[in-house]
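> Sequence:
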Amino acid sequence: MRAFSALLLLLVAAGCAAGDDSGAALMTDGVEAYSLIGEPLVRPTQDAETRATLEANLAEAQAQYDTNPNDADAIIWLGRRFGYLGRYQEAVTVFTEGIEKHPDDARMFRHRGHRNITVRNLEGAVADFERAVELIQGQPDEVEPDGAPNPYGIPRSTLQSNIWYHLGLAHYLLGDFESALEAYLECMEVSENDDMLVATADWLYMTYRRLGREEEAAEVLDLISADMEILENDSYHRRLLMYKGELPPEELLSDTADALQMATQGYGVGNWYLYNDDPERAREIFEQVLSYGNWAAFGHIAAESDLLRMGAS
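Under my numbering, the residue at position 152 of the sequence shown is numbered 152, and the numbers go up by one with no gaps.
Please keep in mind that the hints were generated in silico from the structure rather than gathered at the bench. Each hint can be trusted.
The calculated lysine to aspartate or glutamate pairs, modelled on DMTMM-like cross-linking and capped at a C-alpha distance of 25 angstroms, are:
(1) K244 to E186
(2) K244 to E192
(3) K101 to D73
(4) K244 to D227
(5) K101 to E134
(6) K101 to E60
(7) K101 to E130
With the hints as extra help, turn the sequences into a complete structure.
Encoded structure:
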């Protein structure tokens, strides 16, 4: 595991570390990061209508920031709006500025940690979320406003659930499944609606399986049913129903028009084959996930991580 993490760090050092000169060099060529398997990741594009909306939102956030550059909310929204446009290195820079101005605001570390995951600076992400954990100790949780609301306009995640969730993810991507388990168990404690429950339970289940703890993984699935109130995390819900045997794995690959769905569902299907002793089919599915090019999706990053592990084994 240590060797695997070291290999990831060598690749990340090729250009993903936040706050150094490599970030500016990457953006000059339109490359925001390098994948865990060493491939350049070009800034994603959007259709004209979506891009116009995102640019308008960024302009509004920039204006709010320019009016009061020390305001924590203005800094956070500026960074988030850069991220929604795929300008991830700029988002990291904004959140770094926010940390300098507000070193005790857990939200700054939470958001920079998220974008550090995006640009494959996984050790940096772990450090950010661990600092955020320190800052939320003894504090009440708070609903986190959505930048891309679900169709119901009801936020489903909180600051603390997002911190624990993303900390678990960063550990998982590094292959440190014991640490991922600790984070996801904490996240379950603050996952207070069905959307957050299925998101956390999905990664918790996969972490137990990677640790060979099948009985505890099965207990996670006992929490899942087809009639849960899911407003936005349908992909995670369907993955869990597949693990329960209530959906066939190939059904999850039917929506090939949606790159985000394919990244999320495809990674789960690849795992299903891995758990059922078919590593070659798992590899094929992970490679298919990468072929869709939605490289900011967590399923895509996890597929990179597993393919690297497969190649290194």
